[in-house]
Amino acid sequence: DAGVTQSPTHLIKTRGQHVTLRCSPISGHKSVSWYQQVLGQGPQFIFQYYEKEERGRGNFPDRFSARQFPNYSSELNVNALLLGDSALYLCASSPGQGALGYTFGSGTRLTVV
Amino acid sequence: ILNVEQSPQSLHVQEGDSTNFTCSFPSSNFYALHWYRWETAKSPEALFVMTLNGDEKKKGRISATLNTKEGYSYLYIKGSQPEDSATYLCAPREGSQGNLIFGKGTKLSVKP
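Quick note, the sequences are listed as chains A and B, same order. Under our numbering, the first residue of the first sequence is numbered 1, with each subsequent residue one higher. Under our numbering, the first residue of the second sequence is numbered 1, with each subsequent residue one higher.
Simulated from the structure, these hints should not be mistaken for lab results. Hints may contain errors.
Unchecked claim - Covered stretches of chain A, as calculated for chain B (at least 3 residues, CB under 8 Å):
no.: 1; stretch: 55-61
no.: 2; stretch: 74-81
Claimed, not checked - List of simulated lysine to any residue pairs, SDA-like, C-alpha gap at most 20 Å:
no.: 3; chain 1: B; residue 1: K104; chain 2: A; residue 2: Q41
no.: 4; chain 1: B; residue 1: K69; chain 2: B; residue 2: P82
no.: 5; chain 1: B; residue 1: K59; chain 2: B; residue 2: V49
no.: 6; chain 1: B; residue 1: K104; chain 2: A; residue 2: S7
no.: 7; chain 1: B; residue 1: K59; chain 2: B; residue 2: K78
no.: 8; chain 1: B; residue 1: K59; chain 2: A; residue 2: G40
no.: 9; chain 1: B; residue 1: K42; chain 2: A; residue 2: F64
no.: 10; chain 1: A; residue 1: K30; chain 2: B; residue 2: G95
no.: 11; chain 1: A; residue 1: K30; chain 2: B; residue 2: Q97
no.: 12; chain 1: B; residue 1: K104; chain 2: A; residue 2: V38
no.: 13; chain 1: B; residue 1: K78; chain 2: B; residue 2: K111
no.: 14; chain 1: B; residue 1: K111; chain 2: B; residue 2: H12
no.: 15; chain 1: B; residue 1: K42; chain 2: A; residue 2: P8
no.: 16; chain 1: B; residue 1: K42; chain 2: A; residue 2: S86
no.: 17; chain 1: B; residue 1: K111; chain 2: B; residue 2: A46
no.: 18; chain 1: B; residue 1: K104; chain 2: A; residue 2: T103
no.: 19; chain 1: A; residue 1: K30; chain 2: B; residue 2: S96
no.: 20; chain 1: B; residue 1: K104; chain 2: A; residue 2: Q37
no.: 21; chain 1: B; residue 1: K57; chain 2: B; residue 2: G71
no.: 22; chain 1: B; residue 1: K107; chain 2: B; residue 2: D84
no.: 23; chain 1: B; residue 1: K42; chain 2: A; residue 2: S7
What the hints assert, rightly or not - Examples of chain A residues toward chain B, derived with CB under 10 Å:
no.: 24; residue: V19
no.: 25; residue: F47
no.: 26; residue: A87
From a predicted model like this one, the values you see are computed outputs, not experimental measurements. For each residue, glycine too, the CB sits at the ideal point set by N, CA and C.
Required output: the full structure, derived from the provided sequences and hints.
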């Protein structure tokens, strides 16, 4: 059974551009969360989606948005990219919003130049 | 908002040594504590999820304890092996609907 898959694995964007990151959860998992990890820090919570609705949002600007599709996959969108958005973006899936187990993907490495 | 502290920041040990790390967090509104093992270029791997004060979990040579009243958890590795080299992250969680709040991690290097 496939784990959490994220695409692309790496990408390079220019300041001011827009980026879309994708995540497919484990089959049967209905909740997807997004985390940002910058060098030297632990992953920081961005969003949680459950049953296609936003259920939690971290302290990130409105340039960050996300959505969840009927098949429970998810997209994270970032507009007007800044150099400081360069980070590893992790997706985690869980069976439900209050479930104990979170399974992570291997992330998308975004570099903004 | 939880403030999560992990110590030490990094650790270098010889193969066969036993070691332990600490995760400290505010004890109010605690729901669960997650430990993850994260090797470079891989996805974080779940080690333990702990919910009850006094919980002890074990997985092979790795074990963890939880004290929710004083707000700390210890992770122990017995007889470290080079393949244990990774960053170990703890992440407490407030409430059943809450998200994970990660510490900065402890980076373990085990020399053969």
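Do the hints match the structure? See the list:
| no. | hint | in the structure |
| --- | --- | --- |
| 1 | 55-61 | holds (count 3) |
| 2 | 74-81 | violated (count 0) |
| 3 | B:K104 x A:Q41 | holds, 5 Å |
| 4 | B:K69 x B:P82 | violated, 34 Å |
| 5 | B:K59 x B:V49 | holds, 12 Å |
| 6 | B:K104 x A:S7 | violated, 25 Å |
| 7 | B:K59 x B:K78 | holds, 11 Å |
| 8 | B:K59 x A:G40 | violated, 27 Å |
| 9 | B:K42 x A:F64 | violated, 25 Å |
| 10 | A:K30 x B:G95 | holds, 19 Å |
| 11 | A:K30 x B:Q97 | holds, 14 Å |
| 12 | B:K104 x A:V38 | holds, 10 Å |
| 13 | B:K78 x B:K111 | holds, 15 Å |
| 14 | B:K111 x B:H12 | holds, 7 Å |
| 15 | B:K42 x A:P8 | holds, 14 Å |
| 16 | B:K42 x A:S86 | holds, 18 Å |
| 17 | B:K111 x B:A46 | violated, 24 Å |
| 18 | B:K104 x A:T103 | holds, 19 Å |
| 19 | A:K30 x B:S96 | holds, 16 Å |
| 20 | B:K104 x A:Q37 | holds, 10 Å |
| 21 | B:K57 x B:G71 | holds, 17 Å |
| 22 | B:K107 x B:D84 | holds, 10 Å |
| 23 | B:K42 x A:S7 | holds, 14 Å |
| 24 | V19 | violated, 20 Å |
| 25 | F47 | holds, 9 Å |
| 26 | A87 | violated, 13 Å |
In summary, the numbered hints that this structure violates are 2, 4, 6, 8, 9, 17, 24, 26.
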